[in-house]
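Asks: This is what each chain is made of:
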Amino acid sequence: MIKAIFTAPGGTTIETDARDGLSLMEAARLANVPGILAECGGACSCSTCHVYVDRDWIGKLPEKDEMETDLLDFADEVDEATSRLSCQIKLSPELDGIRVTVPTRQG
Amino acid sequence: MTHIAVIGAGQAGSALAAKLRALGFDGQLTLIGSEPVPPYQRPPLSKKYMSGEMQLDRLFLRPESFYEEHQITLLTGTRVIGIAPDTMTLAMENGPEISVDQIALTTGADPICLPPAMGGGAPGIYTMRSLRDADAMAHEFTPGRHVLIVGGGYIGLEAAAVAATKGLQVTLVEMAPRILARVAAEETSDWVRALHRAHGVDIREGCGLDSLTRPNLTTFSAGLSDGSMLEVDFVICGIGVRPATALAEMAGLEIDNGIKVDAFGQSSRPLIFAAGDCASFPWKGTRIRLESVPNAIDQAEATAASMLGQGAPYVARPWFWSDQFDVKLQIAGLNSGYDRVITRPGEKPGTQSHWYFAGDRLLAVDAMNDPRAYMMSKRLIEAGKSPRTDAVADPQVPLKSLPLVEDAAA
Chain A
1 MIKAIFTAPG GTTIETDARD GLSLMEAARL ANVPGILAEC GGACSCSTCH
51 VYVDRDWIGK LPEKDEMETD LLDFADEVDE ATSRLSCQIK LSPELDGIRV
101 TVPTRQG
Chain B
108 MTHIAVIGAG QAGSALAAKL RALGFDGQLT LIGSEPVPPY QRPPLSKKYM
158 SGEMQLDRLF LRPESFYEEH QITLLTGTRV IGIAPDTMTL AMENGPEISV
208 DQIALTTGAD PICLPPAMGG GAPGIYTMRS LRDADAMAHE FTPGRHVLIV
258 GGGYIGLEAA AVAATKGLQV TLVEMAPRIL ARVAAEETSD WVRALHRAHG
308 VDIREGCGLD SLTRPNLTTF SAGLSDGSML EVDFVICGIG VRPATALAEM
358 AGLEIDNGIK VDAFGQSSRP LIFAAGDCAS FPWKGTRIRL ESVPNAIDQA
408 EATAASMLGQ GAPYVARPWF WSDQFDVKLQ IAGLNSGYDR VITRPGEKPG
458 TQSHWYFAGD RLLAVDAMND PRAYMMSKRL IEAGKSPRTD AVADPQVPLK
508 SLPLVEDAAA
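From first to last, the protein sequence lines stand for chains A and B. The working numbering puts the first residue of the first sequence at 1, with every later residue one more than the last. The working numbering puts the first residue of the second sequence at 108, with every later residue one more than the last.
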């Protein structure tokens with residue numbers, strides 16, 4: 001199991017344990033993390049699963065693809081350095097313990 | 108203790124129940140679904156689940172443990188057969204009545220099948236709505252087989268794309284003069300038709316299915332209104348859905364293209380609410396019903412808040428998506444009432460967007476592999492802003508600096 005730690009809007013911290021291979025968005029949904037709406041279910045069609053990845057972890061993620069880049073370019077409250085769509089982040093042992101923050105506007 | 112029953116365990120029912128708990132509801136909560144499995148995502152059924160790219164466990168919205176942890180009594184494979192609104196009791200197909208204090212109807216919609224005289228309900232003829240539907244037809248998807256798809260809406264086109272990608276021979280018939288006629292402009296129909304034809308799908312528009320017979324155990328003979336006769340191995344019916352209103356009707360609730368609710372999700376009986384595909388609600392002076400996941404989630408969550416007395420009027424922000432071949436189609440807004448469509452070429456080859464206007468007012472946008480146009484237009488539409496049409500048509504004007512109509516007036 002891969003641990004991920006979400007800081008929800010309002011500051012609550014929620015720790016999740018999810019299976020290797022699931023997306024960070026799926027981990028959030030399993031744990032009912034508020035603010036991760038994931039309306040398209042992970043089809044990279046909306047941007048309602050936007051998170052800020054902790055600076056210590058952002059470098060460990062694969063680069064964004066074009067679709068994710070374009071969606072984020074127009075999403076709310078984007079931080080160029082740390083914003084990612086959690087549906088596009090696949091959990092793996094290298095990401096065990098990843099920390100992310102959910103934007104307030106989504107919550 | 109207060110008891111809320113949520114009837115219908117799809118995307119809306121699941122979202123509504125989860126939101127009730129998230130908002131602090133600590134009474135008894137029962138989520139009742141007629142399907143034998145916990146709530147799952149339907150959109151992938153005609154996309155990645157059907158193509159085999161997505162496995163069953165990832166379809167489920169939440170693990171069963173979620174419902175236990177949040178003290179949501181999840182009754183799967185369970186049918187409510189009647190609601191007595193005066194006594195607030197539910198009559199169950201199997202088992203004793205259930206007494207409740209409030210009810211949320213999230214019963215969704217049922218696919219329309221071919222009439223029995225045309226073979227509707229017979230083996231080899233499928234609808235595309237439930238996990239059972241998808242699993243039942245999975246074995247049919249082998250290369251070289253011939254599928255007839257009846258209906259050129261999003262479901263039919265998505266199924267056609269998966270089938271063609273898997274190497275099946277695909278014929279799609281649409282009775283209306285063009286595919287997507289109910290939901291999109293000619294420009295979008297043209298674009299999607301070209302996409303499918305490039306992948307070998309035989310699309311026949313203005314063409315109905317006149318007869319369907321089974322000359323032997325393995326094939327169907329389909330008589331089409333263009334005079335041709337086709338031998339096909341199986342048939343997928345994508346001719347739309349009807350809101351599932353039977354329970355609501357029996358309970359005497361007002362029905363108007365679905366269960367009629369107000370902006371708070373409240374039906375004509377104050378203790379009964381409804382949300383999602385089954386409910387019609389006020390929208391800009393008219394009444395609409397949306398068949399979409401985003402609306403199911405948003406309306407369900409807004410209704411959950413209303414049921415707890417914390418509600419605000421629900422303002423829908425319609426959007427839709429469809430995946431066909433390597434194309435992602437994203438739709439912002441609702442185009443009803445448009446009088447012109449502006450085509451905007453995307454920044455990359457093979458991308459394009461169609462902007463629907465009523466006069467100067469932007470209503471909706473269909474974006475084909477153009478998420479930038481989708482995201483920008485969604486923002487504009489939700490903010491009630493309209494870009495100038497001449498700027499929309501000019502790809503040299505960046506999306507982020509499209510001049511607005513108000514700017515022009517100033």
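Be aware that a few hints might be false.
Claimed, not checked - With a straight-line cut-off of 20 Å between C-alpha atoms, the simulated SDA-like cross-links for lysine to any residue are:
#1 A:64 x B:492
#2 B:455 x A:67
#3 B:507 x A:76
#4 A:90 x B:273
#5 A:3 x A:88
#6 A:3 x A:52
#7 B:455 x A:3
#8 B:155 x A:23
#9 B:507 x A:68
#10 B:507 x A:72
#11 B:455 x A:52
#12 B:155 x A:67
#13 A:90 x B:165
#14 B:492 x B:447
#15 A:3 x A:67
#16 B:455 x A:72
#17 B:273 x B:297
#18 A:90 x B:164
Simulated from the structure, these hints should not be mistaken for lab results.
Asks: State for each hint whether it applies.
Replies: Each hint, compared with the structure:
1. A:64 x B:492: Cα-Cα ~30 Å, so violated.
2. B:455 x A:67: Between residue 455 (chain B) and residue 67 (chain A) the Cα gap is close to 12 Å, so the pair holds against 20 Å.
3. B:507 x A:76: holds (14 Å)
4. A:90 x B:273: violated (26 Å)
5. A:3 x A:88: Holds, at roughly 17 Å.
6. A:3 x A:52: Distance of about 17 Å is within 20 Å: holds.
7. B:455 x A:3: Violated - the C-alpha atoms of residue 3 (chain A) and residue 455 (chain B) are around 38 Å apart, more than 20 Å.
8. B:155 x A:23: holds (15 Å)
9. B:507 x A:68: Holds, because 17 Å separates the two Cα atoms, which is no more than 20 Å.
10. B:507 x A:72: This hinted pair holds, its Cα atoms lying about 13 Å apart.
11. B:455 x A:52: Violated, at about 28 Å.
12. B:155 x A:67: holds (17 Å)
13. A:90 x B:165: holds (13 Å)
14. B:492 x B:447: Holds, at about 17 Å.
15. A:3 x A:67: Between residue 3 (chain A) and residue 67 (chain A) the Cα gap is close to 27 Å, so the pair fails against 20 Å, i.e. violated.
16. B:455 x A:72: Cα-Cα ~17 Å, so holds.
17. B:273 x B:297: violated (23 Å)
18. A:90 x B:164: holds (16 Å)
Checked against the numbered hints given earlier, the structure breaks hints 1, 4, 7, 11, 15, 17 and satisfies all the rest.
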